[in-house]
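Here's the letter readout for the chains.
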Amino acid sequence: MKKSSTPVRDPAGKTRAPSGGADRASDAAGPVAPAWRVRTDPTPLLPDERPFRVLGTRAEAAADPALLLRLYAELVRGRRFNTQATALTRQGRLAVYPSSTGQEACEVAAAAVLAERDWLFPSYRDSLAVVARGVDPVEALTLLRGDRHTGYDPYRHRVAPLSTPLATQLPHAVGLAHAARLKGDDVVALALVGDGGTSEGDFHEAMNFAAVWQAPVVFLVQNNGFAISVPLSKQSAAPTLAHKAVGYGMPGRLVDGNDVAAVHTVLTEAVDRARGGGGPTLVEAVTYRVEAHTNADDATRYRDDDEVAAWRAYDPVRLLEGALRGRGLLDDDEVARVARDAEEMAARLRERMNAEPVLDPMDLFGQVYAERTSQLEEQAARLRAELDAAAGAPGQEEAR
Amino acid sequence: MTTLATGPAARAAKPATMAQALQRALRDAMAEDPSVHVLGEDVGTLGGVFRVTDGLAAEFGDDRCTDTPLAEAGILGTAVGMAMYGLRPVVEMQFDAFAYPSFEQLVSHVAKMRNRTGGAMPMPLTVRIPYGGGIGGVEHHSDSSEAYYMATPGLHVVTPATVEDAYGLLRASIASDDPVVFLEPKRLYWSKSPWSPEAPAAVEPVGRAVVRRPGSSATLITYGPSLPVCLEAAEAARAEGWDLEVVDLRSLVPFDDETVVRSVRRTGRAVVVHESTGFGGPGGEIAARVTERCFHHLEAPVLRVAGFDIPYPPPMQERHHLPGVDRVLDAVARLQWEAEN
Ligand SMILES: Cc1ncc(C[n+]2csc(CCOP(=O)(O)OP(=O)(O)O)c2C)c(N)n1
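Just so you know, the protein sequences line up as chains R and U, in that order. If you read the first sequence in our numbering, its first letter stands for residue 1, the second for the next number, and so on. If you read the second sequence in our numbering, its first letter stands for residue 1001, the second for the next number, and so on.
Worth flagging that the hints you see were computed from the coordinates, not collected in a lab. Using N, Cα and C, we set each Cβ at its ideal position, and we do this for glycine too. Be aware that one or more of the hints could be misleading.
[What the hints assert, rightly or not] Cβ pair distances, simulated, as ranges:
#, chain 1, residue 1, chain 2, residue 2, range
1, R, Gln367, U, Pro1153, 28 to 38 Å
2, U, Gly1136, R, Asp305, 24 to 34 Å
3, U, Glu1292, R, Gln367, 35 to 45 Å
4, U, Asp1062, R, Arg312, 21 to 31 Å
5, R, Glu205, U, Glu1059, 34 to 44 Å
6, R, Ala385, U, Gly1241, 18 to 28 Å
7, R, Gly247, U, Arg1208, 46 to 56 Å
8, U, Phe1279, R, Arg350, 41 to 51 Å
9, R, Glu344, U, Asp1062, 48 to 58 Å
Given only the sequences and the hints, what does the whole structure look like? Please build it.
This is the structure we're talking about:
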């Protein structure tokens, strides 16, 4: 390795702006402009100037009470799921848990708007959406518990594996939706991504493919203010993340991510549009991550308690509860009943997560290829011998 | 071999972690040379998820230690441009598997720029990547990606295993006029040893291996996260009558044939130990080089102890995958080649 102080040649001195010519456009006698291939679609940039809301607005009266009550129960369960999972990290039952407390409205709505045949493409923070879609909670948590990468069968509930690398699931959603349409199936894919994830190249490529192919896909950005420690202002200079849709040629919608009725409405429109052949939509839900990034993160390093407190007060569960009570659709008895249900769900989850998972180390070789290679056969035999030896001489493994 | 500092400075040494030594190396490099810039995800306010960049933004400002948008290709691609304009970027990739989006920039541009411009455009940049398993991370947080980087001509690939080396090798990497992939064994981040930041011990330059434990009956060739495993195995092997020499490579590219060959010619037997997969992994290259240069001195084939050839397993299963002391000792026992055949 050469260490020297060879200065890189003065780069500034070498750059020279190309000598500018006359402004040809204004030169009437100049050459005629060729047939430009420029699309000038007159569609307005974005329909929403501010995040779209339903609760507390005139639109609320039109919302279906039965749907709102169902969403309320889901929100309460979702919140309880988050607090339970977080508690399980403290007991060492989960290796890590990225809480979606404060974001339950997005998670619940994402699952609720999909038909059974549709697909959900979750990101690592979206266990709640996966559970709300019907996946067994314990199976949804195996990634975070550490016993399996994906504990559920993706085909059974049409839920792709939780994606840890950010935004990489988005092109998959586009491809799946495209394939379904090629086969003549009216399947829609809904993909979840964070505000930080919108900076990745994969986000751009997915959006572009989706728009060019008019794929039946909906992108839901949960803008919760931070990518670990990095605030939105350092992530994007766009007026809103929904504006990004404009450049790709697809509709962008901005919605209040704590108003579950609003998220449900906007996503339903987007899913219907996709299913009807109208192509993709980008929805930005503005919300907040009230807990730390994960249980391992120290959020006080990068944000104020005041900001967190303000968002805690603007809580998606209380927002809906207040609206429902105001309309006489919810009383103390019903609130208590829903809370009891959620408590039972949490107790079952706790109990099942407390059971030590039964793992077979030989599973390491089980699903690397459809058929095991001879090298893997050899390695599996070696591990089997090690395990047998350890079983024969208990304590020996620990002793080393 | 490492020259350890003696005298007052050494006496002043207090236990420091590898993460602290890395942080200090960045700080000292930035203080000495205004062209050194740190960039990456969460490196500013948070100080990095492993706190290696802690305090740098406060001391040197956001322009010198920059929280970037979340985009690895963008981070490394802009670092290429910064290097073109005379800066020395030090890029942090948050975890091994999250460096993959930047692979195009690394392979097509970082590694080749000097060559394709006939030397006119060097790439004095450092890419720091926490790598390896053993910390109970979920998938994509434990990859051993060194073989990909080793297979790319134009890159230096460096990996410290001690607190002194963490400091010394990072300083040397930042000072290098060539691009360095600086692999940080994340399970050693919190390992402590006495170290004096005021008078850091001198270390061998990049490209030199060191003998961490002299021995006569076989050589363990290793690096990064597997060094402590090999040292422990060497202790355990004493009971069986083996006197094992342990060589810490420190740098995979360039490769120090000299130190390795000198050791193996003396001991006559060698085992390469790493947690990366065995098939197509670094051990194959190392074993081939040793065999080419030491064939007539070898009493047994050069063996490899590596991770299995599987995607990195979930945390509850990783102990079965990672080569531990037992597997190293088992290989050492198999070095009784001539007796068996
Ligand atoms: C490609 C990639 N780079 C880096 C990371 C490490 N990482 C995990 S979560 C995270 C922040 C994600 O922020 P955002 O997309 O806003 O989602 P949120 O966590 O807020 O839900 C980062 C940088 C990753 N998982 N994948």
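* Asked: Range hint 46 to 56 Å: satisfied by the CB atoms of Gly247 of chain R and Arg1208 of chain U?
  -> 51 Å, holds
* Asked: Taking 21 to 31 Å as the hint, is the beta-carbon distance of Asp1062 of chain U and Arg312 of chain R inside that range?
  -> The hinted range 21 to 31 Å holds for Asp1062 of chain U and Arg312 of chain R, with Cβ atoms some 29 Å apart.
* Note whether the CB distance of Glu205 of chain R and Glu1059 of chain U lies within 34 to 44 Å or breaks it. => 38 Å, holds
* At the C-beta level, are Phe1279 of chain U and Arg350 of chain R separated by a distance inside 41 to 51 Å? -> Holds, at about 42 Å.
* To do: Can you let me know if the beta-carbon spacing of Glu1292 of chain U and Gln367 of chain R is within 35 to 45 Å?
  => 37 Å, holds
* Asked: Taking the beta carbons of Gly1136 of chain U and Asp305 of chain R, is their distance inside 24 to 34 Å?
  -> 30 Å, holds
* Could one say that the CB atoms of Ala385 of chain R and Gly1241 of chain U fall in the range 18 to 28 Å? -> Roughly 24 Å apart at Cβ, these two residues keep to the hinted range, so it holds.
* When you take the CB atoms of Gln367 of chain R and Pro1153 of chain U, is the distance between them in 28 to 38 Å? -> Check passed, 35 Å falls within 28 to 38 Å.
* Asked: Falls inside 48 to 58 Å, the C-beta gap from Glu344 of chain R to Asp1062 of chain U?
  -> 50 Å, holds
The earlier numbered hints are all upheld by this structure, with none contradicted.
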